[in-house]
Each structure stands twice: as C-alpha cells, then as structure tokens.
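**Q** The listed protein sequences correspond, in order, to chains A and B. Per numbering that gives the first Met the number 0, the very first residue in the first sequence carries number 0; after that it's consecutive. Per numbering that gives the first Met the number 0, the very first residue in the second sequence carries number 0; after that it's consecutive.
Hints may be right or wrong, so weigh each one.
Any copy will do: because identical chains look the same in the list, a pair fits if it lies in one copy or spans two.
As a list, the in silico DSSO-like pairs of lysine-lysine whose alpha-carbon atoms are at most 30 angstroms apart [unchecked claim]:
1) K49 <-> K1
2) K373 <-> K1
3) K61 <-> K373
4) K1 <-> K215
5) K167 <-> K184
6) K373 <-> K94
7) K340 <-> K61
8) K39 <-> K1
9) K184 <-> K68
10) K94 <-> K49
11) K167 <-> K384
12) K56 <-> K184
13) K112 <-> K340
14) K53 <-> K112
15) K68 <-> K167
Hints are computed from structural coordinates only; laboratory data are not their basis. All values reported here derive from a predicted model rather than from experimental measurement.
Number of protein chains: 2
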Amino acid sequence: MKVINAGLLGAGTVGSGVYKVATENAEIISKRLGAELRIKRVADIDPNRKRAVKIPKSIFTKDSMEVIKDDSIDIIIELIGGTTVARDYMMEAIKSGKHVVTANKALLAHYGKEIFLAAAENSVEIGFEASVGGGIPVIRAIREGYVANRIESIHGIMNGTTNYILSKMTEEGRSFADVLEQAQKEGYAEADPSFDIDGIDAAHKISILVMLSWGKFFEFESIPVEGIRHITPVDISFAEELGYTIKLLSIAKSHENGLEISVHPALVESHTPLAEVSGAFNAIHIEGDAVGPTMLYGMGAGMMPTASAVVSDVVEIAGNIIHGSPSTSIPKLYNDGDSIKLIPPSELISRFYLRFQVEDRPGVLGHLAGLLGKHGLGIESVIQKGRHIGGGEVPVVIMTHEIEERSLHDALREINEEEISNGNSVFLRIAEI
Amino acid sequence: MKVINAGLLGAGTVGSGVYKVATENAEIISKRLGAELRIKRVADIDPNRKRAVKIPKSIFTKDSMEVIKDDSIDIIIELIGGTTVARDYMMEAIKSGKHVVTANKALLAHYGKEIFLAAAENSVEIGFEASVGGGIPVIRAIREGYVANRIESIHGIMNGTTNYILSKMTEEGRSFADVLEQAQKEGYAEADPSFDIDGIDAAHKISILVMLSWGKFFEFESIPVEGIRHITPVDISFAEELGYTIKLLSIAKSHENGLEISVHPALVESHTPLAEVSGAFNAIHIEGDAVGPTMLYGMGAGMMPTASAVVSDVVEIAGNIIHGSPSTSIPKLYNDGDSIKLIPPSELISRFYLRFQVEDRPGVLGHLAGLLGKHGLGIESVIQKGRHIGGGEVPVVIMTHEIEERSLHDALREINEEEISNGNSVFLRIAEI
Numbered sequence: 000m001k002v003i004n005a006g007l008l009g010a011g012t013v014g015s016g017v018y019k020v021a022t023e024n025a026e027i028i029s030k031r032l033g034a035e036l037r038i039k040r041v042a043d044i045d046p047n048r049k050r051a052v053k054i055p056k057s058i059f060t061k062d063s064m065e066v067i068k069d070d071s072i073d074i075i076i077e078l079i080g081g082t083t084v085a086r087d088y089m090m091e092a093i094k095s096g097k098h099v100v101t102a103n104k105a106l107l108a109h110y111g112k113e114i115f116l117a118a119a120e121n122s123v124e125i126g127f128e129a130s131v132g133g134g135i136p137v138i139r140a141i142r143e144g145y146v147a148n149r150i151e152s153i154h155g156i157m158n159g160t161t162n163y164i165l166s167k168m169t170e171e172g173r174s175f176a177d178v179l180e181q182a183q184k185e186g187y188a189e190a191d192p193s194f195d196i197d198g199i200d201a202a203h204k205i206s207i208l209v210m211l212s213w214g215k216f217f218e219f220e221s222i223p224v225e226g227i228r229h230i231t232p233v234d235i236s237f238a239e240e241l242g243y244t245i246k247l248l249s250i251a252k253s254h255e256n257g258l259e260i261s262v263h264p265a266l267v268e269s270h271t272p273l274a275e276v277s278g279a280f281n282a283i284h285i286e287g288d289a290v291g292p293t294m295l296y297g298m299g300a301g302m303m304p305t306a307s308a309v310v311s312d313v314v315e316i317a318g319n320i321i322h323g324s325p326s327t328s329i330p331k332l333y334n335d336g337d338s339i340k341l342i343p344p345s346e347l348i349s350r351f352y353l354r355f356q357v358e359d360r361p362g363v364l365g366h367l368a369g370l371l372g373k374h375g376l377g378i379e380s381v382i383q384k385g386r387h388i389g390g391g392e393v394p395v396v397i398m399t400h401e402i403e404e405r406s407l408h409d410a411l412r413e414i415n416e417e418e419i420s421n422g423n424s425v426f427l428r429i430a431e432i
Numbered sequence: 000m001k002v003i004n005a006g007l008l009g010a011g012t013v014g015s016g017v018y019k020v021a022t023e024n025a026e027i028i029s030k031r032l033g034a035e036l037r038i039k040r041v042a043d044i045d046p047n048r049k050r051a052v053k054i055p056k057s058i059f060t061k062d063s064m065e066v067i068k069d070d071s072i073d074i075i076i077e078l079i080g081g082t083t084v085a086r087d088y089m090m091e092a093i094k095s096g097k098h099v100v101t102a103n104k105a106l107l108a109h110y111g112k113e114i115f116l117a118a119a120e121n122s123v124e125i126g127f128e129a130s131v132g133g134g135i136p137v138i139r140a141i142r143e144g145y146v147a148n149r150i151e152s153i154h155g156i157m158n159g160t161t162n163y164i165l166s167k168m169t170e171e172g173r174s175f176a177d178v179l180e181q182a183q184k185e186g187y188a189e190a191d192p193s194f195d196i197d198g199i200d201a202a203h204k205i206s207i208l209v210m211l212s213w214g215k216f217f218e219f220e221s222i223p224v225e226g227i228r229h230i231t232p233v234d235i236s237f238a239e240e241l242g243y244t245i246k247l248l249s250i251a252k253s254h255e256n257g258l259e260i261s262v263h264p265a266l267v268e269s270h271t272p273l274a275e276v277s278g279a280f281n282a283i284h285i286e287g288d289a290v291g292p293t294m295l296y297g298m299g300a301g302m303m304p305t306a307s308a309v310v311s312d313v314v315e316i317a318g319n320i321i322h323g324s325p326s327t328s329i330p331k332l333y334n335d336g337d338s339i340k341l342i343p344p345s346e347l348i349s350r351f352y353l354r355f356q357v358e359d360r361p362g363v364l365g366h367l368a369g370l371l372g373k374h375g376l377g378i379e380s381v382i383q384k385g386r387h388i389g390g391g392e393v394p395v396v397i398m399t400h401e402i403e404e405r406s407l408h409d410a411l412r413e414i415n416e417e418e419i420s421n422g423n424s425v426f427l428r429i430a431e432i
C-alpha cells in the first residue's frame, strides 16, 4: 500500500489530537484513502511536555525547518498558531512545494491573500477546514456543497467561549464578569480572553468564509468588530421578554450596494435553530440562492473536533497526490472578488434594541420618542417598567424599525446629552436571519 | 475556456431546477470551476410540459439513449426517478463510460451495490449528494469532512413530508388524517403519500448514509421501518408534558454487537437542536469519535435545494475531468463493510413510552406495573390522568428504563390480553441522541 507522509509543526493540544486520531483511526483512514497516512516527523519546542497521546521521541525535532526540508514529506500540518513564526514556516513550506494544512485563522485572515497567491504559484494546496467551526465541515460545504449558489448571507456563532459565556448569563442571570471568571477556571476561556470576548477570533473566521463565498479577502482592519463585554443580564432578560436571545454573531450579507461584514452581539429570534445553539457549540447559518437556508452545527473547538478537521484536509490532499491530480482548489477560491465593495458600518441598516435609563416622570417617553423620530427612528414596541415611587431612574426599552446606523448614532448622541437620560444608553442590533 | 458537457435525463421539477441554476448561475459556477459547464442535451418524454424555466426546444429529445450515447457528453444527470427505466439508463451510462449524478435514493438503496461495483469497474464517478437531505451537503460531510472518524451514530429527520405533518400535529393538536389532507392540498404530501408517511423514503436515505459511514449496503428489506400513521395528538401531548417531541427518525448506530439501523417515530428530548427542526426542514445529527456531535440542517427537498446538490456533484466531477484525476470516491465509499452485522430489531435496546387505556378502578396501575416487571420492564415515570367519576377508561402513560424490544413485545402481548386493558396499548421508542 502506498504511503503518504505528513509532518507536524506544533504538538500542543490540537497537534496531539491530530497524532492521536491519525494513529488510532489509521486502519479506517487507510481503507477510505486507499493509502497509508503517516505522521513521519513532529516539530515542537518542547518534545517532553505532557501530551494526551504518546508520540515516539524518535520522530521529534525542535527544528521545524528540518520537517519542511524532509523530501519524503508531502504535507506540512501547521499548528503553531499566531502570525509570526507560523507565517514564516508556512511560506517556507509552500516555497518548498509542500502542501499545507492549517487551523490558523488569524494567519489566513491577515495574510490569506499572500498565502493563497504563493500556493497557486507553487501548485500546492492549502487545507484550512479546521480554521472555522472546529470539526464542522463548513469550508467544504461552501466550497463544494454550495458551489452552484450565490451565497446571500452567513450568520455564524463561531466562537465557543463567547457563546458559553452568553449561554450561562442567559440561563443563570449572572453578570459577564462573574461568568467569565468561572469560564476561565473551567478552561472555557483563556487567561487573556480578549481575543475571544472582543470578537477578534469571530472576525478572523468570518473573513475566511467571506473569501470562500465572495472570492476576496478584505483588509482585516476594515471589518467592524464588537465584543460582548458590555452585555448585561438586564438586556438579556429584556430581549428574552421580547422573544429574542442575545448571541455574538459573525455576519456577512450580500446587499445591492455591496457586502456587509461585521461581528457584534445581536438579538436572534428565540426558538430558531441558531438561537438554540448553546454552550461552547458553534453553528453557521448559510443562505444560498438555490439551496435556501442551511445550518451546520457542532463543536467549534477542542482537541479532537479540530483534529478531525485537520486530518480530513490531510486525507483529501493525500488523495489528490495518489491520483496525481494537481492543485485544484486555489483558483476556485481566490479570485480577488472583482469589484465587490464593503459597505461602511455607518451605512448598515438594521432594527435596533435600545435601552435608556431615564427619570421617572410624566412626558419622558414622549420626549424620547420625539428625539428618536427627529432622526428618523420609528418605534416598533416599547417596554417601560419598574416605576419607582417618587421618581428615580427607570429603564425604557425600545425596539426600532429599520434605520441606518449613522442615524441611530446621531439620535443616541443627542439623547445622551439630554437631561432626561443618564447618558448611558444601550443599543444592540436585531439580526434578520 | 474549456467546456464540460452534461446531459439531463428527466426534466421534471428537479430537472428544471438543475437547468435553471446551471444557466442562471453559469458565470459564478465557471469562475469557481475554471471551465464552462453546459447542459447540452435534455431527454424527457414530454418536451412541451410547463416548466419553471425555459429550456430550448433544440436540445430536447424523447430518447434518453440519444443523450447517453452522445460522445461529447461526459456527465449524465439521472432525474427520472424510480427503479425501473432509471436503473437501465444508469447502467447504460456507466457502461458507456459516463459519470453519473443522481438524486435517486430508491435506486441506490435497492441497487447501490450493483451500481457502485459497475462504476468502479468502468472508472466512472457516481454523484449522489442530492439523494439525501436535498441541498444539505451531508454526503460530503460524511465522506470527506468526517473521513478521519469512526461514525458512531446518525439520527436524521430525513423526510420533509412527515416532519411537516408531525410539526403541524404538534403545533395545532390536530389528527394525522386531518393534517395529511391539508398537506396534500398544499403540495407537501403526494396524492399517494405512503412512500413518505410509512417511512420508506426515510429508510432509503439512511441506507445510503450507512453505506457511506460503514462501507456496506444492507439488504433494504432487512431494515425495520415504521411510519407515522399511528401517531395521535394524545401521544404528542403526553410526550410534550414529559419533555419530548415526536419525530420520525432514521437511525443508524454502532453497537458492540453490530449495527442498529431503523426508521421509526421516536420521542426526542425537547429544546435540543434536532427537536427544534420543524416544518418541511430536514436535519441530520451525526456523531463521530473525533468530531463529536454535529448537525446539518436545511431544506430536504424542493426544486432549487435539490438542484443545488445535483449541480454541486456535476461541478465536482467536471473538476476531476479537467484536472485529469480518475475516479477516486468509489473505493473510498464501498468496501462491503467487512464483517459488520445488522442487529435484529427484537434485540435492539431502548427506553419506551407506553400508553394504556385501562379501567379506572383501584389496583389497576399496580397490576400493570406487576405485568411489566414480570418481563423485566422497569418504570421510570408514570402519568395517570383524567380520572372519570364512576369508572370508565383512563389513559396511563409509562416511561420505561432500557429494555430489549422483544421483552417489551412479550409484555404488551400479555397486557393486551388482560381484562384491565382495552387491548390497544401504544408504544414509542425514546431516542438517545
């Protein structure tokens, strides 16, 4: 039986998972592939650290270049992470004519254009199923399953940490800080959680799905990103009362005047498939012009789910090597999106959830409505509650009709300066899925 | 730009959808494929029937063999349906060295082995993404996305008609017959609905996913199949009270002593992703040893979703033709599953929902519990309701612990013969997903 050799750069959690699944399921993989798949070399700065699987010392090296330069290795699995050495090694591998499989979303979101162009030039494949949605085969779904479709929209819960935190806050009515602390203790959030909770990770992922769907990497810095630090149990509970669940969404949506890309917490209609995705799970809701609405759901992170996706790419590339077919996916993927334009955030249109803390006296709601109306914001529904005896502050929650974000901001600016409000108005977008 | 020609057999609803998406999205498809995809000939017994898309008269023929024998055509799209002429044409196409794309689940479930072996012998591909789950890319997910996994279980809502009927019954408390009649009027059910409501269609589909996951087609007749005709609003409502939703499930599950395959209505825990799938939607919950639990959701039927899947296969095969790579998927798929055995239905283990109509007098529940206990059935919970004044019949609902089906049937046989019951006990399985 023919043997295809792969080399692994980075034997941390996911790297160990890759070695584990490739060895433990070697028989079933070789039956499906029609060849033996072997992880021949492993590079890691610490060969001795404790791992979930025993990797023979004999295949370890501390030098990634040794693996990249090994002529018997066809596929390099990059699981170092980050955008510094990982980038260098990936470019070296590509230039050495090696196919590359990676889970590195940050690297692709920032340097995807450079990487794909280099891969096309060197006739090698880049496998990146593991970069979005962990084990969920969303890359294949878009690239192959929906290949006949114009993709109309993507709404994804693509970060497990934030979904875990929001789910806990929703179920238990606890504060963000409180749940974050617990999540850190339980290993659901990193010691420095900002990458997750500020939406950066979710933005890396939508950037990759946008490239697949619309053929272009947009400048990463041009994507508006908002995290979940400001989400409170009060807003979660008002949203629930209105029939919505708050989720951190990665959104890409085709409009007549261009493409909307953004990451922000949003109100999602409750009891819909996406709203029901709880805990550390991920789900990506994709709508195509022929296929209609679809959703893919699963574990968006973790050792074995991510390893499952990594090995699926290695097997696919190994199959192409065996059957002598050249690199086929790169031209399919990356075509620089022709003239497609990003819609500036201020021009995005949405319905909004607003919460104001206002003085509890007659006429305040009318005054508020007047100020909103002045900026073109129509009111769909209002909740006013918890009237204190003898004044004080009360929350007023307003759901607006659709409006451009810039008008909302104009209105909020004026309201926050008014005497009637405490200047801390809250706004959240309502997702139309 | 290179041109790949396909020929279409059967221009009914899905066939028209294929022509529509292939022409309307031709530009985006050719950009992704790197070649032009052309539906060059269309065979249909009635070229003049009213269609959702205009197909030029010049490419029509009434003779499928004319399309199959056209040397300029590389890919035959079989959308005739059924297992008679469709089978003949498919075998002719394979023997003529044409790749075949089909949505024909009945044909694959019954003659898949013959078809795949013939395809392997003739080095052609069989694309069948459209045969399960309409536009949902479940074939690709299992074949490629989860290629590194041992598949542990599949639980699918794979028939839109029955899910539509059960959803309506659940939402509106209406009877099966009543909702079926409405579904027929609205086009959600066929004039002869037995294929759908008796679970045959759902069984065809699980048979295909079993082949993909475990490498073997089992004799179609060996799969136990139960439809939804006997489901009543009373049981739906009791199930709801117990925290469950009734769904028609296609199940395949790996056990130590073999493989469980079955189609039956089952109680699914409410507020889980699968339970929330309503209306004509489909969803397939798949668990792999590495990837963990996943779910794919979308429209399981209909002109455009099914066409989306058909064209995705045509594009994939066209890509292989362009890049000169030979047939790769057949050996991956079909390996005759080695020694894997089907577990006989009577040996399957499950928790059960039972409903008895019993005389309303003291001691009846105790007597019932005694009879169940005699056959090893442990009781998890009981609902006894609606006690009439002065006797009469009352429903008793019992949830059992896990037990072999044969013991359940023994118990029910004995209970149905007893004076205390009216002989019409109801049992439903509880799904463990």
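**Q** In ascending order, which of the hints set out earlier in this document are inconsistent with the structure?
**A** Structure breaks hints 1, 2, 3, 6, 7, 9, 10, 12, 14, 15.
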